[in-house]
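Trainee: Sequence:
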Amino acid sequence: MSDFARLVELAGRLEATRGRLDKLALLAEYLRGLPPDAVGDAVTFLSGRALPVSDPRTLGVRGLPAAEGGGAGPPLTLADVAAAFAEAADARGGGARRAREERLRALAARATPREREILARIVTGELRTGAAEGLVLEAIALMAGAPLAIARRAFLLLGDLAAVAVLAARGGTAALEATTARVGVPLLPMLAELATDFDEALAAHGGSTALEYKYDGARIQLHKDGDRVAVWSRRLSDVTRSLPDVVEVARRELPAGPLILDGEVVALDAAGRPLPFQELMRRFRRVHEVEAAARELPLAIHFFDCLMADGRPLIDRPYAERWAALAAATGGRRLAVRALVTSAAAAREFFARALAAGHEGVMAKDPASAYEPGGRGKRWFKVKVAETLDCVILAADRGSGRRRGWLSNYHLGVRDGGAFADVGKTFKGLTDTQFAAMTARLSALAVADDGYTVSVRPEVVVEVAYNEIQKSPTYPSGLALRFARVTRIRDDKAPGQATTLAELRRLYERQFATKGGGPPGGRSA
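Numbering (the working numbering), first residue to last: 11 to 535.
Hints may contain errors.
[To be verified] Taking lysine to aspartate or glutamate pairs in the EDC-like style, the calculated list, with each CA pair at most 16 Å apart, reads:
#, residue 1, residue 2
1, Lys-435, Asp-400
2, Lys-435, Asp-407
3, Lys-392, Asp-209
4, Lys-388, Glu-513
5, Lys-392, Asp-207
6, Lys-394, Glu-359
7, Lys-435, Glu-473
8, Lys-392, Glu-473
9, Lys-394, Asp-207
10, Lys-438, Glu-473
11, Lys-392, Glu-513
12, Lys-481, Glu-513
13, Lys-394, Glu-370
14, Lys-481, Glu-519
15, Lys-394, Glu-203
16, Lys-392, Glu-203
17, Lys-438, Asp-407
18, Lys-388, Asp-209
19, Lys-394, Asp-226
20, Lys-394, Glu-210
21, Lys-388, Asp-207
22, Lys-392, Asp-226
Quick caveat, the hints were computed from the structure, so don't treat them as lab data. Everything numeric in this text was worked out from a predicted model, so none of it was measured.
Let's have the full structure, built from the sequences with the hints guiding it.
Mentor: Written as structure tokens, this is what we have:
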């Protein structure tokens with residue numbers, strides 16, 4: 011039986027297995043039976059992806075094309091499937107779509123009916139085996155006989171389960187333990203927790219915190235090694251080609267490296283004033299005429315962290331040391347506005363200056379904190395004027411009246427473990443143009459349609475403002491957002507970076523603490 015046929019068999023066994031530990035044992039057993047060169051492809055497919063996370067290409071198709079016959083020719087291998095997906099993703103030019111479909115149709119023609127079913131699921135990103143990312147990571151650790159903590163750290167540094175699997179298969183615990191930040195391999199960004207006041211940040215940070223302006227821009231991670239410069243987005247998409255002005259600044263102003271900087275870019279109007287976030291996203295999506303776009307929509311860069319300087323990884327060093335390295339690397343140019351404070355009064359003064367300058371709030375960072383790729387906790391806080399959440403669209407209702415023909419009432423969810431919990435609906439916040447674009451986007455992600463509500467794959471993240479969090483008997487989460495409205499579409503964020511249900515519960519409890527008294531028992535949405 012080929013290695014791909016065994017993956018198909020494994021998918022069926024995982025679907026039929028309910029126990030988490032039983033699923034884990036099945037995954038680890040399968041991975042142990044593969045040669046190291048095949049492990050990466052297997053983990054990519056088991057994660058419900060046609061291409062590795064680190065691969066910026068896409069298949070550019072909605073599903074696996076229909077094909078006649080089945081199972082003709084030699085048995086499919088993992089390498090065969092990976093090669094077909096890569097060739098489809100490489101198709102360019104006027105006939106690209108047809109070329110992609112023909113390559114995938116040829117792949118489907120070689121597959122058995124059951125293999126074809128699994129291929130179709132991989133293409134659409136819906137493998138549905140119950141093997142979530144965390145479980146696959148555990149299986150990799152078990153396969154290699156490595157402590158889970160070491161495998162998890164390697165994953166946070168590499169951001170790609172397939173890469174971790176290959177390392178583990180080839181070098182075991184030692185290879186995973188030796189993993190560190192590397193130029194050319196983007197790190198998952200460290201994230202911030204929501205805070206409602208500065209007393210909380212000061213208490214969590216031992217009485218002293220570093221405040222930075224929170225810019226209404228897009229996160230970037232810049233890598234430089236000699237003349238080679240690469241830029242990644244928050245979601246680890248390679249945006250180097252779209253940001254030639256950022257690349258030019260790096261070549262002109264930064265040392266040769268190896269160097270890794272974390273920062274934010276903001277779009278500016280002709281007068282140098284910040285433009286709305288959606289304008290900025292136009293730059294990130296451009297792949298043609300990027301030089302003209304850079305002239306029309308210039309960017310301001312604000313660096314705020316240094317993850318590597320002169321080839322020396324700094325993620326385990328304290329924030330204060332990393333800031334000193336950042337200042338040295340940049341010569342003090344293009345840094346986030348920053349201040350160290352030891353009192354809530356001083357923090358509020360800095361906050362007021364940030365708002366007066368047109369920014370959305372401040373970050374509060376523990377001077378002693380290490381950089382935790384992908385981590386979110388009390389080491390970093392964000393404090394904004396109007397509280398917002400990052401929610402994932404789980405479904406949408408068909409509109410009526412002037413919104414007829416659009417999917418316009420969005421079902422909003424927050425992260426709850428490996429799934430999402432409904433916390434409300436909204437049709438407010440988007441323009442007609444955005445409604446039309448979102449309708450097309452969600453239609454392409456549809457997984458079910460009862461004629462009124464269209465359920466979609468949870469891939470679109472939106473920033474949502476609200477007036478209050480209420481108890482709700484309607485939603486299993488027990489909470490609902492009152493007067494929710496979309497403030498922007500967060501194409502720079504992945505669903506895994508959405509607000510968590512635990513955070514929402516904490517905000518629910520805290521909103522009443524600031525008002526006095528406890529959560530009301532009778533109010534609900």
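Trainee: Among the hints numbered above, which are violated by the structure, and what are their numbers in rising order?
Mentor: No numbers; nothing is violated.
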